[in-house]
Amino acid sequence: MFLLEKLLTLFCIIVCSYQLYLTTVDYLEYNVVTLLDIDFPDWFTAPDVTLCVQFIDAVNWTAWTIHHPDLLPDNCTIIDDDKENRSKHIRQCFTEMGKDDFEGFVERHFNVAKFYKIIIKAESLFIDITFYNKTGYFNGLQRNHEVFCTTRTYLRDPHVCYHVACRNGTNPSDYARFNRKRLIHAPNLGILYILDLHNEIFQFWDHVFVYIHSPLDLPRGPIHSYTFVKPKEKPSLFLISFVSMNDSLLEPPYATNCRNYHDDVEGTRSLMHKYEKCLNNQTLQLNPGFLMYQTMIENPQEVEANFSNRLRYKYKDKLNEIRTECGKLVEQPECKSLYFIPYIVGYERFLIVNENIPSIFTIFAPTNPDIKLVKSPAVLLETYVVNIGSILGIWFGFSMVNLLGSLGNHLLKLKNISNFAWYNILHLHEGRMKAVNLNGEQMDQKQNNVERPTIMYYRTYGLSSRFRAAIPESRSIIESRRSQSIRPGYFKETM
1 MFLLEKLLTL
11 FCIIVCSYQL
21 YLTTVDYLEY
31 NVVTLLDIDF
41 PDWFTAPDVT
51 LCVQFIDAVN
61 WTAWTIHHPD
71 LLPDNCTIID
81 DDKENRSKHI
91 RQCFTEMGKD
101 DFEGFVERHF
111 NVAKFYKIII
121 KAESLFIDIT
131 FYNKTGYFNG
141 LQRNHEVFCT
151 TRTYLRDPHV
161 CYHVACRNGT
171 NPSDYARFNR
181 KRLIHAPNLG
191 ILYILDLHNE
201 IFQFWDHVFV
211 YIHSPLDLPR
221 GPIHSYTFVK
231 PKEKPSLFLI
241 SFVSMNDSLL
251 EPPYATNCRN
261 YHDDVEGTRS
271 LMHKYEKCLN
281 NQTLQLNPGF
291 LMYQTMIENP
301 QEVEANFSNR
311 LRYKYKDKLN
321 EIRTECGKLV
331 EQPECKSLYF
341 IPYIVGYERF
351 LIVNENIPSI
361 FTIFAPTNPD
371 IKLVKSPAVL
381 LETYVVNIGS
391 ILGIWFGFSM
401 VNLLGSLGNH
411 LLKLKNISNF
421 AWYNILHLHE
431 GRMKAVNLNG
441 EQMDQKQNNV
451 ERPTIMYYRT
461 YGLSSRFRAA
471 IPESRSIIES
481 RRSQSIRPGY
491 FKETM
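Residue 19 in the UniProt record's numbering sits at position 19 of the sequence shown, and the numbers go up by one each step.
Since the hints were made in silico from the structure, they are not lab data. Among the clues, some could well be false.
Distance windows between CB atoms, simulated [unchecked claim]:
{"no.": "1", "residue 1": "Asp100", "residue 2": "Phe40", "range": "21 to 31 Å"}
{"no.": "2", "residue 1": "Leu35", "residue 2": "Leu239", "range": "29 to 39 Å"}
{"no.": "3", "residue 1": "Asn368", "residue 2": "Ile127", "range": "22 to 32 Å"}
{"no.": "4", "residue 1": "Leu35", "residue 2": "Ile341", "range": "41 to 51 Å"}
{"no.": "5", "residue 1": "Ile357", "residue 2": "Asn171", "range": "31 to 41 Å"}
{"no.": "6", "residue 1": "Glu382", "residue 2": "Tyr18", "range": "18 to 28 Å"}
Under the rule of at most 25 Å between Cα atoms (straight-line distance), these lysine-lysine pairs were calculated in the DSS-like manner [said to hold, decoys possible]:
{"no.": "7", "residue 1": "Lys88", "residue 2": "Lys277"}
{"no.": "8", "residue 1": "Lys328", "residue 2": "Lys372"}
{"no.": "9", "residue 1": "Lys336", "residue 2": "Lys318"}
{"no.": "10", "residue 1": "Lys314", "residue 2": "Lys336"}
{"no.": "11", "residue 1": "Lys230", "residue 2": "Lys121"}
{"no.": "12", "residue 1": "Lys99", "residue 2": "Lys114"}
{"no.": "13", "residue 1": "Lys375", "residue 2": "Lys114"}
{"no.": "14", "residue 1": "Lys375", "residue 2": "Lys336"}
{"no.": "15", "residue 1": "Lys277", "residue 2": "Lys230"}
{"no.": "16", "residue 1": "Lys99", "residue 2": "Lys328"}
{"no.": "17", "residue 1": "Lys314", "residue 2": "Lys99"}
{"no.": "18", "residue 1": "Lys234", "residue 2": "Lys121"}
{"no.": "19", "residue 1": "Lys372", "residue 2": "Lys181"}
{"no.": "20", "residue 1": "Lys277", "residue 2": "Lys318"}
{"no.": "21", "residue 1": "Lys318", "residue 2": "Lys328"}
Since we're looking at a predicted model, the values are computed, not measured. All residues carry an ideal CB built from backbone N, CA and C; glycine is no exception.
From just these sequences and the hints, can you work out the full model?
Dropping the structure here:
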């Protein structure tokens, strides 16, 4: 029996320890669960818009004619000295060359800053940017005074990009967020803003990549959501909307192991920004005139490096090593990612055409619910503490089973002690009962009134009854002693 008790105790300790180990390991893995929320939020963020075109479409041919009149393809001959006609002939020569060969031509004859001087800038492309909202005391629509919009021109070999950013007027560093209900005041329900472009520029473009993206950063990297439109000779209206997605991860020690690159000490704004910055720093060490292909050049007027569209093949193996090394810096995912997936809602061509009609991009708020992914700890600290307490309580209870025999022995000892105590109490009261009976007999002889002795005897009998009820196993002893001390007719008289 002793061996069985010890084995049971050992079993409880082993199983309890194993469950505690599994529960602790599960908690320390810091796993997460994904909560999916699909809904129309009351508040939403106004995204940025970036239009990107190829090098050949972004060139200001008048500026080319002025600054580089003799920089022409080999088979191109220009006889006309008129500046306007000459610029058209130069454009025609390079158009016949083709966009791929033109990119190689630019790489051979221009660096970044030099090429930036002869391209069309954003301030020349956009006629107006209207951000619609309800303002002040006006009943209807006015130009929004709470939000202001700016434009910038970037280079990303082999593209020139025109960026539109609308920001909070009271805090220019903060992006614009507003209530969805305010969209009802737009001229067309749901319009966020309208971009008016000079059609004499826009109509010559081959195709336009349209990025609707997070206001936290530019559309960097080779993988980014976009749509593209095909310009027409006549002014056109493009209706564009987007789907919004928000993904939030948890920082270490949780399994998602994310990092907030937006607050990085190096001043980076996103994961891809840090990655591209590393690429360009490494390639400039490889070759002082080398900028990585398809990286965003934010201040092209200050960059004297060369384009690397063709040069990248010369350093192919070394560039692969640089990509691997820089990839190690961004192994942790972004903690908060805001994605916008653009799509074309509709397209119209203006029938009445004059030189004052622009081509228009109309950006609508989402007509589909937002998709929000939120990571939450799979096991909270409170849940872990409750689980530990439950395991300890259950196995402590099982370990008490082998103590039931000892507990029964202790209870039996307590019972015997109780019986002995009651026996002593009964023995004490039996002496008192004898005295009471003798006194009763004497008073019965002296007095004719029997009420008082009767009551006295009755109380004594009641006390004896309580003793018998409390200690049933001593009944034979009590009855034998009572028969010796009390007259045989006593019970008949009192009952």
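Point to revise | Hints not upheld, ascending by number | key: 1, 4, 7, 8, 9, 10, 13, 15, 16
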